[in-house]
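Chemist: Each chain is listed here by its residues.
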Amino acid sequence: DVKVTQSSRYLVKRTGEKVFLECVQDMDHENMFWYRQDPGLGLRLIYFSYDVKMKEKGDIPEGYSVSREKKERFSLILESASTNQTSMYLCASSLLIYEQYFGPGTRLTVT
Amino acid sequence: EDQVTQSPEALRLQEGESSSLNCSYTVSGLRGLFWYRQDPGKGPEFLFTLYSAGEEKEKERLKATLTKKESFLHITAPKPEDSATYLCAVQTSNDYKLSFGAGTTVTVRA
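Residue numbers (the numbering used here), protein chains in the order written: chain E, 25 to 135; chain L, 593 to 702.
These aren't lab readings, by the way, just hints derived from the structure by calculation.
Predicted model, so just to flag it, every value in this text is computed and none were measured.
Errors might be hidden in some of the hints.
[To be verified] Quick list of the computed label-pair ranges, beta carbon to beta carbon:
#1 E/GLY87 with L/LYS649: 34 to 42 angstroms
#2 E/MET78 with L/GLU609: 30 to 38 angstroms
#3 L/ARG653 with E/SER89: 37 to 45 angstroms
#4 E/ARG33 with L/SER644: 34 to 42 angstroms
#5 L/SER644 with E/ARG68: 22 to 30 angstroms
#6 E/ASP62 with L/GLN595: 40 to 48 angstroms
#7 L/THR697 with E/ARG68: 26 to 34 angstroms
#8 E/ARG68 with L/SER599: 18 to 26 angstroms
#9 E/THR110 with L/LYS651: 28 to 36 angstroms
#10 E/SER89 with L/THR699: 36 to 44 angstroms
Just so you know, even glycine gets a beta-carbon here, dropped at the ideal spot from N, CA and C.
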């Protein structure tokens, strides 16, 4: 079974803090993705990576950056957290073009 | 721009009452259509991939079908444990990315 883990289930941060969300997958997948999920807006892609040190912007990259130094690990960084970044953050991985497998999610609250 | 529309937004069923969820899509060059199940506070769980019109996949009480413009997820004789939000997503031939619909929240009462 594919396993995607995320570093925290719940996180509370203050406005202006730098926030790191970590994601690890154990299936040697090439592709990794970061989404945010908000009521009424569904899942929206922030960034994805198709190889180590390679990244591409998704639909809503503003205010975020990513890092992929190792194949199994993909980090999402909020350089200066703002209240409108309060959301559920979901990481996923996939083998090439095939189905994506999701982690349990991190519910981030920025106060 | 790819568009994925799911209907209805919410569905309340009695245990044993079969029903269908719809996912209609407008994309140029469909590579695959994916169904996921999501429980509250958790990440989506992969259910099925469909690649071509006429294809069907089954898993327990769930059956997914695909036409050129839409997909259906049929729930046969549902049980309370089938209560969840069901998400549909499409992938085009040019991309790794998925475009998700807003989901259908299914509630099955005992």
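Chemist: Hint by hint, note whether the structure agrees.
Modeler: Hints, verified against the model:
At roughly 38 angstroms, the beta carbons of E/GLY87 and L/LYS649 sit within the given window of 34 to 42 angstroms. Under the hint 30 to 38 angstroms, the C-beta atoms of E/MET78 and L/GLU609, about 48 angstroms apart, miss the expected range. As the Cβ distance of L/ARG653 to E/SER89 is approximately 43 angstroms, the hint placing it in 37 to 45 angstroms holds. At roughly 38 angstroms, the beta carbons of E/ARG33 and L/SER644 sit within the given window of 34 to 42 angstroms.
Between L/SER644 and E/ARG68 the C-beta distance comes to about 28 angstroms, which sits within the given range of 22 to 30 angstroms. As the Cβ distance of E/ASP62 to L/GLN595 is approximately 18 angstroms, the hint placing it in 40 to 48 angstroms is violated. Distance hint check for L/THR697 and E/ARG68: the Cβ-Cβ separation is about 19 angstroms, which falls outside the suggested range of 26 to 34 angstroms. Our hint of 18 to 26 angstroms for E/ARG68 and L/SER599 holds, since their Cβ atoms are close to 20 angstroms apart.
Between E/THR110 and L/LYS651 the beta carbons are some 35 angstroms apart, a value that agrees with the proposed interval 28 to 36 angstroms. Taking the beta carbon of each, E/SER89 and L/THR699 are about 39 angstroms apart, inside 36 to 44 angstroms as hinted.
The structure is inconsistent with the numbered hints 2, 6 and 7, although it conforms to all the rest.
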